[in-house]
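Undergrad: Chain by chain, the residues run as shown.
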Amino acid sequence: MSLLSVENISVRYGQLTALRKASIKVDEGETLFVTGPNGAGKSTLLKAIAGAVAPREGFIRFAGRQIAGRAPEDIARLGFSMVPEGRDVFGGLTIEENLRLGAGMRADKDQAAKDLEQVYSVFPILRDRKDRQAGVLSGGQQQMLAIGRALMAGPRLIAIDEPSLGLAPKVIDDVYATLVRLRDSRGLTLLIVEQSATRASLTGGRMVLMRSGGVALEGDARELVRGDALRQAYFGYGEH
Amino acid sequence: MTALLQILFDALSLGSLYALGALGIALIFGVMRLVNFAHGDYIAFCVFAMLWPSIDAAAIVFAGNLPTVILVPFILAVGAGLSVLSEIVVFRRFRNANPATMMIASFALGFVIKYFLLMLYSSRPKSIDLWSNLTRQIEIAGARIPPLQVITIGVTIVILIALTAFLKRTRFGLEMRAAAENFTMARMLGVRANRVIMLAFAVSGMLAAAVGLILVTQTGTVDIQMGANLMLVAFVATVIGGLGSLPGAVLAGYLIGAATVIMQVVLPPDARPFRDAFVYGAVIVMLIWRPNGLFASRAAKQRV
Ligand SMILES: Nc1ncnc2c1ncn2[C@@H]1O[C@H](COP(=O)(O)OP(=O)(O)OP(=O)(O)O)[C@@H](O)[C@H]1O
Ligand SMILES: [Mg+2]
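Note that the protein sequences, when read in sequence, are chains U and E. The numbering of the first sequence is this note's numbering, which starts it at 1 and goes up by one. The numbering of the second sequence is this note's numbering, which starts it at 1001 and goes up by one.
For reference, chain U alone in the conformation it holds in the complex:
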């Protein structure tokens, strides 16, 4: 059974329907990329799973539990960890406080301490500035902090909304290398919104393409990128 399955959820913001009957499945230990044009509903999908917005209909199962409409903290405690689109680091807290907050709900403090070391070794800049306020970090550094904070929760699944945004290519490589390592060593499951199909095909995994609030196409990331279907589906009705 899948670790996460989303079935036919719809989300509306006032008059606007951001998701209409969207469905995805993610198995334990796999990588699912979500791609699609701006406004397709990718971020909304992640927010709905995280409990930050409530779906009007549909089901969401995570780690064997029904989570649609549950509180964000309950979903987080089941092992769902989120790096949202705006990064949302706590600017008034120090960098280390941000990371400690990520680990706040964990019982395994020893492993959390090791994870902190690991985060610092992947992002040495965070260690150098650990007692500074997170608000002074540059955009890319905040992205590193948000990813590190999500890892500190010791999650079963980590959902990242556009990890590449604002990061230098070398750092993107490092981030993906770390995620893949954790996936392979610890069985971490990855759900990644990624605009770069090339990046997705380099990393490997499954991919879904979202358009107008629904899933338009689904398949192996490498195959989709190789073929023409992705581009056609991305731009609509094959008029390109």
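Relax, there's no trap hidden among the hints.
Just so you have them, the derived chain E footprint on chain U, three or more residues with Cβ under 8 Å:
1) 46 to 56
2) 84 to 92
3) 99 to 111
If you're looking for bench data, these hints aren't it; they were derived computationally from the structure. These figures come from a predicted structure and were not determined experimentally. Each residue gets a CB set at the ideal place from its N, CA and C atoms; glycine is no exception.
Given the structure of chain U, go ahead and fit chain E with the ligands onto it with the hints provided.
TA: Leaving out everything else, chain E with the ligands in the frame of chain U:
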């Protein structure tokens, strides 16, 4: 020199009261964007908790007879309890409502508390003798200063240090600061919304109780309206400080206290009855200069 010392003590002790009041309001605003206008009524409630219900002019002391080491924690617990109860019974239901709705709810709650007290104790102010020897003046370097002023200032400093330590050094404090900055993100990291909010209400209620104890010792009277004026000043202080900023609220509380005392001294006698008009005039100028307050908090900025 002596006169200066006197002014300093007056300003610091008045400022301390305002700072404690402002802190109680800013804490709640921080975690739930609620300006709790019932805060002043918590203050009165805590003080009335020391009396037996009666409509006589002379107060029949009840809990006020307890030894200080029991009375103070008892009144703090009353404040915390009332505040947490109002969150559970009232504010929780408005958590996703817009700020204006929440504010109206807090007004309504304030009236309920006021009329509850009115029913039990009548509207007549009562005199009460609580630690009255603290108001007898002592001489420090020629200035005549009631020990209560010194205690007020000392207690406030202790409260501020304890609260800072709580916020900076404990896990709950960390969660509370995070929740004040970005509630949804904090929850997505597993921070339990209800617990953080109840904790903030409990601390806020204890601050109201502390203010009540100081006020009643100072004035020796118990009055249903006793929290109202302070609540107004405290609210203004939180706005000047930058809504949601705790250091801002404290600093602004002291500023208003100092401004009030200084105006009292420097204004010509004929203008003194209008002292508050001058103080609030200064507040208006200050807000024109910095509309978001002295320390606009990150969270408040995002929302504006
Ligand atoms: N808080 C909100 N209030 C109102 N409408 C919103 C809100 N958030 C998103 N929307 C709308 O919902 C739709 C989907 O937005 P969403 O952010 O999920 O898209 P996206 O696929 O993540 O886009 P992008 O690639 O630009 O990040 C858009 O039309 C957007 O305008
Ligand atoms: Mg998005």
